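> Just so you know, the sequences run in chain order U and D.
Mapping the first sequence onto numbering that gives the first Met the number 0, position 234 (from 1) lands on 233, and the numbers just tick up by one.
Mapping the second sequence onto numbering that gives the first Met the number 0, position 188 (from 1) lands on 187, and the numbers just tick up by one.
Worth double-checking, as some hints may not be accurate.
Which copy? The list can't say, so a pair holds if one copy fits it or any two copies do.
What the hints assert, rightly or not - Derived DSS-like pairs: lysine-lysine, alpha-carbon spacing no greater than 27 Å straight-line:
| no. | residue 1 | residue 2 |
| --- | --- | --- |
| 1 | K114 | K149 |
| 2 | K219 | K186 |
| 3 | K242 | K186 |
| 4 | K40 | K246 |
| 5 | K186 | K74 |
| 6 | K186 | K68 |
| 7 | K275 | K260 |
| 8 | K199 | K186 |
| 9 | K46 | K149 |
| 10 | K323 | K192 |
| 11 | K242 | K275 |
| 12 | K271 | K246 |
| 13 | K68 | K40 |
Hints were generated in silico from the structure; no laboratory data involved.
Bear in mind the structure is a predicted one, so any value in this text is a computation, not a measurement.
There are 2 protein chains.
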Amino acid sequence: MKIAVDAMGGDHAPQAIVAGVEAARDQYADLEFDLYGDPQKVEPLIKDQTRLHLVKTTEEIEMGEEPVKAIRRKKDSSIVRAAQAVKEGQADAFFSAGNTGAILAAGLLIVGRIKGIDRPGLTSVLPIAEPGSSRHSFVYLDCGANAEAKERNLVQYAHLGRFYAESVLGIENPRVALLNNGAEEDKGDRLHKEVHQQLKAEENLNFIGNVEAGDLLVGKADVVVSDGWTANAALKATEGTAKMFLKLIKNGILNGGLRAKIGYLFLKPVFKNIAKQMSTSTYGGAVLLGLKAPVVKTHGSADAVAVKNTIGQIRTMIQTGIIKEAVDYFSPEENMDNQPKN
Amino acid sequence: MKIAVDAMGGDHAPQAIVAGVEAARDQYADLEFDLYGDPQKVEPLIKDQTRLHLVKTTEEIEMGEEPVKAIRRKKDSSIVRAAQAVKEGQADAFFSAGNTGAILAAGLLIVGRIKGIDRPGLTSVLPIAEPGSSRHSFVYLDCGANAEAKERNLVQYAHLGRFYAESVLGIENPRVALLNNGAEEDKGDRLHKEVHQQLKAEENLNFIGNVEAGDLLVGKADVVVSDGWTANAALKATEGTAKMFLKLIKNGILNGGLRAKIGYLFLKPVFKNIAKQMSTSTYGGAVLLGLKAPVVKTHGSADAVAVKNTIGQIRTMIQTGIIKEAVDYFSPEENMDNQPKN
Numbered sequence: 000m001k002i003a004v005d006a007m008g009g010d011h012a013p014q015a016i017v018a019g020v021e022a023a024r025d026q027y028a029d030l031e032f033d034l035y036g037d038p039q040k041v042e043p044l045i046k047d048q049t050r051l052h053l054v055k056t057t058e059e060i061e062m063g064e065e066p067v068k069a070i071r072r073k074k075d076s077s078i079v080r081a082a083q084a085v086k087e088g089q090a091d092a093f094f095s096a097g098n099t100g101a102i103l104a105a106g107l108l109i110v111g112r113i114k115g116i117d118r119p120g121l122t123s124v125l126p127i128a129e130p131g132s133s134r135h136s137f138v139y140l141d142c143g144a145n146a147e148a149k150e151r152n153l154v155q156y157a158h159l160g161r162f163y164a165e166s167v168l169g170i171e172n173p174r175v176a177l178l179n180n181g182a183e184e185d186k187g188d189r190l191h192k193e194v195h196q197q198l199k200a201e202e203n204l205n206f207i208g209n210v211e212a213g214d215l216l217v218g219k220a221d222v223v224v225s226d227g228w229t230a231n232a233a234l235k236a237t238e239g240t241a242k243m244f245l246k247l248i249k250n251g252i253l254n255g256g257l258r259a260k261i262g263y264l265f266l267k268p269v270f271k272n273i274a275k276q277m278s279t280s281t282y283g284g285a286v287l288l289g290l291k292a293p294v295v296k297t298h299g300s301a302d303a304v305a306v307k308n309t310i311g312q313i314r315t316m317i318q319t320g321i322i323k324e325a326v327d328y329f330s331p332e333e334n335m336d337n338q339p340k341n
Numbered sequence: 000m001k002i003a004v005d006a007m008g009g010d011h012a013p014q015a016i017v018a019g020v021e022a023a024r025d026q027y028a029d030l031e032f033d034l035y036g037d038p039q040k041v042e043p044l045i046k047d048q049t050r051l052h053l054v055k056t057t058e059e060i061e062m063g064e065e066p067v068k069a070i071r072r073k074k075d076s077s078i079v080r081a082a083q084a085v086k087e088g089q090a091d092a093f094f095s096a097g098n099t100g101a102i103l104a105a106g107l108l109i110v111g112r113i114k115g116i117d118r119p120g121l122t123s124v125l126p127i128a129e130p131g132s133s134r135h136s137f138v139y140l141d142c143g144a145n146a147e148a149k150e151r152n153l154v155q156y157a158h159l160g161r162f163y164a165e166s167v168l169g170i171e172n173p174r175v176a177l178l179n180n181g182a183e184e185d186k187g188d189r190l191h192k193e194v195h196q197q198l199k200a201e202e203n204l205n206f207i208g209n210v211e212a213g214d215l216l217v218g219k220a221d222v223v224v225s226d227g228w229t230a231n232a233a234l235k236a237t238e239g240t241a242k243m244f245l246k247l248i249k250n251g252i253l254n255g256g257l258r259a260k261i262g263y264l265f266l267k268p269v270f271k272n273i274a275k276q277m278s279t280s281t282y283g284g285a286v287l288l289g290l291k292a293p294v295v296k297t298h299g300s301a302d303a304v305a306v307k308n309t310i311g312q313i314r315t316m317i318q319t320g321i322i323k324e325a326v327d328y329f330s331p332e333e334n335m336d337n338q339p340k341n
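Full structure from sequences and hints, please.
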């Protein structure tokens, strides 16, 4: 299995990318990597070239650039070249920590959609934090690839999410829910009321109804489906509040004198456990599901551990054949032609 | 100043309502109350009838009922009767902890909109949790009165929110922001891009740009304007995450043995402070802004303290004449006729 890696994207690139890739290479003997980037910056960082090949590129897409324009103009950028390698079957998956818009555009315009999918959905695996829950994570999409969605997009997300939960998380007959502004069937605006009815009528789908944004981390469902606009707002609010809580605790301890500092020492394992449970780096990257190959981005701020974990997730995606499953479902006649080697 | 109170609404009604009203009455010598409810249930709870008058009603609107139908049919319910008292100028404001939909419907259909306001917005005051911030709270609307919004609704919310921040929170020239999926001007779907431009062009408005859902509690703005759908999702996600954090800490302490319990004792003041800072009961109720009088709801789970604080907030609204200010702005010619006494 070969992964095409954009070595230049992310706040800590190329250091964190190279370190994460080498750690993943050392852990998984069945993985090979093509690293796309500027040799002057990347080569000195590589400790061991086993199953790791550097491909020279001369351009970089920066964080602020207009995605579609950048993809069209910077043909020799690390993002475009890595995506092209996947398109041409030279690699099984694409990975980057760079400009999210550019990754989405490269996925759509270069790697290409599965026939039958109108718009791919950005898919994250989020933690279930409910104490005592038997499940530890759930699939959440669309995290924001599309600000405006139609009914059929959400129905497609439901199936894509179900495949992901089954294949990658190993959950049998995953419970699928719709993110909505109330638990009852008749809640929501026109779009969400209609999607609720369509999901209810859908075959092969264990649809359990609506879930509210306040219950995301409670783990009522294995897959939570939403339009990208709402999912993005709820996810950012969740992350922002978690960050704020950690900040408030830290600040309270710093300003709480000796008493608070002693308390912190005693409670350290509890805090560490919570931080680990809530940490995004444990849960890997976001996958642009609905494309002909795994296209995966991780946070711009990703460190080497997050990069390594995300690569582990990509490996599972390739191994389990989730993309083939999606192709079979949405466009069975296409399967033979469109699959990249894997 | 007289407040018409629905004594029957809320999980802890009528006990928490009566206790909260009596506490507010004891604190504010200039307040009078009409309590609408079932005398058999309410009367035995009243300790002191000073400035507190019980008005007999025979019906109740339950939590699950279809709001508009309930308002039209249950003419002798505590919600309908209390709203009618405000409409007829017998009271200056309406308060309830009951069925949110029914309160919104009673506000719209009985108390009535200010001319020039298309749709009132449900307005909350939320905590700013950023350590060291000079501000402690901000105004947030529409929290969910309307799932579908047009451009002009959001522009009206911006002005209503500005009046509220100025009059009730005493913030001079409040900074107004638009909740959006990115900080940059060109971010968002069609609606939010257009609203951004309209707010920018608006006179008398200190518009500072977009704010993301992850930055709500950071306090970048004094007023955050949003469509009801997005604001509701972001607010619920924020509340849900805060609740989850407290649960995780509590659970970690309970299962962390003696060590964690000792740590908790030392850190108790820090936790108490955070809980107080994040608690909704400190910040009162949600106001349906854009009506001809203050219509205020509080959480169904409100206790007597939350009821008392919400009444303090209503008192400030009546005193500062924020409704008159809104009427002057949106329909200056109407002011003389439509104002309830205050």
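> Decide, hint by hint, whether the structure agrees.
Verification of the hints:
1. Taking the closest pair of Cα atoms, K114 and K149 come within 27 Å of each other only inside a single copy of the chain (17 Å); across copies the shortest separation is 35 Å, beyond that limit.
2. Taking identical chains as interchangeable, the C-alpha atoms of K219 and K186 lie at most 27 Å apart only when both belong to the same chain, with a minimum of 18 Å there against 32 Å between chains.
3. In this assembly of identical chains, K242 and K186 lie within 27 Å of each other by CA distance solely across copies; the values are 23 Å between and 30 Å within a copy.
4. Taking the shortest alpha-carbon separations for K40 and K246, neither the intra-copy value of 35 Å nor the inter-copy value of 46 Å comes in at or below 27 Å.
5. Only between protomers do K186 and K74 lie at most 27 Å apart by alpha-carbon distance; the minimum there is 26 Å, versus 47 Å within a single protomer.
6. Only between protomers do K186 and K68 lie at most 27 Å apart by alpha-carbon distance; the minimum there is 16 Å, versus 40 Å within a single protomer.
7. Proximity of K275 and K260 under a CA criterion of 27 Å is satisfied in both settings, with 21 Å inside one chain copy and 20 Å between copies.
8. When the C-alpha separation of K199 and K186 is checked against a cutoff of 27 Å, the pair qualifies only within one copy, where the shortest distance is 14 Å, while the shortest distance between copies is 33 Å.
9. Taking CA atoms no more than 27 Å apart as the test, K46 paired with K149 passes in neither setting, with 48 Å inside one copy and 57 Å between copies.
10. Neither within a single protomer nor between protomers do K323 and K192 lie at most 27 Å apart by alpha-carbon distance, with minima of 31 Å and 38 Å respectively.
11. Proximity of K242 and K275 under a CA criterion of 27 Å is satisfied in both settings, with 13 Å inside one chain copy and 18 Å between copies.
12. Within a single copy, K271 and K246 get their C-alpha atoms as close as 14 Å, and across copies as close as 15 Å, so both meet the 27 Å cut-off.
13. In this assembly of identical chains, K68 and K40 lie within 27 Å of each other by CA distance solely inside one copy; the values are 25 Å within and 68 Å between copies.
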